[in-house]
Amino acid sequence: MGVELSRRLRMGARALMIYAATALIFQYLIVLVFRSVDVGALGPMMDILPQGVRALIGAEVAQLFSAPGFLAFIFIHPMMLVLYLAFVIAFASGGLAGEIERRTIAVVLVRPVTRPQIVGGVALVLLLGTTLLMAVLWGGTAIWPALYGLGPVNHTAFAWVAGAGLAVLWSLAGVALLASAAASEGGRAAGAGVGFALVSYLGNYLANLSPEWAWLRPYSMFSYWDPQEIIRRGGAQWGDLSVPLAVAAVSMLLAVIVFARRDIAV
Amino acid sequence: MASAEAVIETARLTKWYGRRRGIEDVTFSVAPGEIFGFLGPNGAGKTTTIRCLLGFVRPQRGSSRLFGMPVQRIDRARLGVVPGELSLFERMTGAQLLDYLAGLTGRRPAERADLLARFALGAADLAKPIRQYSKGMKQKLGIVQALQHGPELLILDEPTEGLDPLMQQQFYLLLAELRARGRTVFLSSHLLWEVERTCDRVAIIRNGQLVALDRIDTLRARSIRRVEVHFAEPAEVGRFAPPGGVVVEEVQGARATLRVPVPQIGPTLAALAARRVLDLVWERPSLEDVFLGFYREGRDGR
Chain A
1 MGVELSRRLR MGARALMIYA ATALIFQYLI VLVFRSVDVG ALGPMMDILP
51 QGVRALIGAE VAQLFSAPGF LAFIFIHPMM LVLYLAFVIA FASGGLAGEI
101 ERRTIAVVLV RPVTRPQIVG GVALVLLLGT TLLMAVLWGG TAIWPALYGL
151 GPVNHTAFAW VAGAGLAVLW SLAGVALLAS AAASEGGRAA GAGVGFALVS
201 YLGNYLANLS PEWAWLRPYS MFSYWDPQEI IRRGGAQWGD LSVPLAVAAV
251 SMLLAVIVFA RRDIAV
Chain B
1 MASAEAVIET ARLTKWYGRR RGIEDVTFSV APGEIFGFLG PNGAGKTTTI
51 RCLLGFVRPQ RGSSRLFGMP VQRIDRARLG VVPGELSLFE RMTGAQLLDY
101 LAGLTGRRPA ERADLLARFA LGAADLAKPI RQYSKGMKQK LGIVQALQHG
151 PELLILDEPT EGLDPLMQQQ FYLLLAELRA RGRTVFLSSH LLWEVERTCD
201 RVAIIRNGQL VALDRIDTLR ARSIRRVEVH FAEPAEVGRF APPGGVVVEE
251 VQGARATLRV PVPQIGPTLA ALAARRVLDL VWERPSLEDV FLGFYREGRD
301 GR
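Those sequence lines, one after another, are chains A and B. First residue of the first sequence? That's 1 in this note's numbering, and the numbers climb one at a time after it. First residue of the second sequence? That's 1 in this note's numbering, and the numbers climb one at a time after it.
Since the hints were made in silico from the structure, they are not lab data. Predicted, not measured: the structure shown is a model, and the values here were computed from it. One thing to keep in mind: the hints can contain errors.
What the hints assert, rightly or not - Partial list, computed: chain B residues near chain A (C-beta under 7 Å):
# : residue
1 : L54
2 : R76
3 : Y100
Note that beta-carbon positions come from the ideal geometry of N, C-alpha and C, so glycine has one too.
With the rest of the complex left out, here is chain A (with noise of 0.2 Å):
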């Protein structure tokens, strides 16, 4: 398992690394943004914005005009949701279904380690690379601030932040890890994985834009995830953790049970 595990480790760490350097360079980058403009003259600007980019930008708008409020925001920032996508979906779907595709499994199947043990590495490997990430942006909000003099910043409530998006990165992680565990191709299991995010995405959209469509809210991962309203109340409620962290668990579970019962015709 060891070795199965360390091999994981290494065929992520590159990519995650990368991944890690991008978050932090970007929200640096918007850092350097927050610093040029003019706070006071966002307000009237904001109030102008048509309600579906309000509803995209988040809940509370006028948070943006705080450093802790804009640094919330970076966090589910589309690009920053991108790059978290982009390092569990890739990693999910090749983990299992992309090597079943490309017959590579053959050489480890046929050895000692059993199937749980293959979907265990995967989905460990998952779990620490998106804590990684989760990690790097929690401490970029402690070293830009002390950098760049953006006044006092509640770290507690960031890490509330982290710990509230490291769930919903599990809740997908998790259902990105079923479809790998059941599909024999990693595009199928990819597109499976993406579709998930995505039409979860859209439905915590739909029910910020309108109240017509606010009865998709819980069925929405990301609408378990609001950084600044976590700051304004300076930490998150166990019940908005306990879903996604819910959906990691069982998805996570049931691609084991799936795996170790599928037929692997290679």
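With chain A's structure known, arrange chain B on it following the hints.
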């Protein structure tokens, strides 16, 4: 063979992929120290049988056991497998792959150095990423990874695919040595001469079903004989009345080629004795004749 002795044992193994038949009622056993050939053209069910043996796919019916146990319960370090259409981790170097797979197996790769020398894989080759390997080099590495830990049972699916003739010879020598050391080998191949040369027993699979299972010599003995008869004159060919079951395959002037089932050898000789025959050549059947015989039967039977 008593089942307790068998290294591989299958009973009525049946696997369908949706509505397409993979294999049906495949039953055979392989004794310790035996080199067992599994012969059939592409798509006949060889790989499906191997998938069932290794537990990659679940049969709808029947069972398979390795070392007397279901495959899920055996110590897989006792196995060495060269999968069909071998695919290796292309980003790794050859050395990294061998170390990784040896680590997974959990046994010291005691035979690696000897195998690398045999198959002419040097340190420089092993330092290269596998994506830079030729097909033949990948296949050699595939054989080394399967054997480096000294497994008791080898399951080889088209193992010489892509090897040059020199390396094929090396491989056959290696199989002979493994046999001498008491290792058991299950060799799946569509190369008749390869199976004929290396195996003790052979199973022939056609359309997912076993059509023959025996020692190669026994199969040969049972197979249809080809007899070339040189009559004294062309008219004698027309006068020759072949017994039932004997087929006149070809006639060229006074020469005729007959296909004679073993039970018809006596009546054929009696019929020929009534004619003026100058020469008679009985060909020793090759495995190819046996194989083609089974496949011809299948085609004619459809």
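Comparing the hints with the structure gives:
1. A hinted interface residue such as B/L54 counts as satisfied when its beta carbon comes closer than 7 Å to some beta carbon of chain A; here the least separation is about 6 Å, so the hint holds.
2. Given hint, B/R76 at the interface with chain A, holds; its Cβ is 4 Å from that chain's nearest Cβ, closer than 7 Å.
3. Using the Cβ-Cβ criterion of 7 Å, the hint placing B/Y100 at the interface with chain A is satisfied: the shortest such distance is roughly 6 Å.
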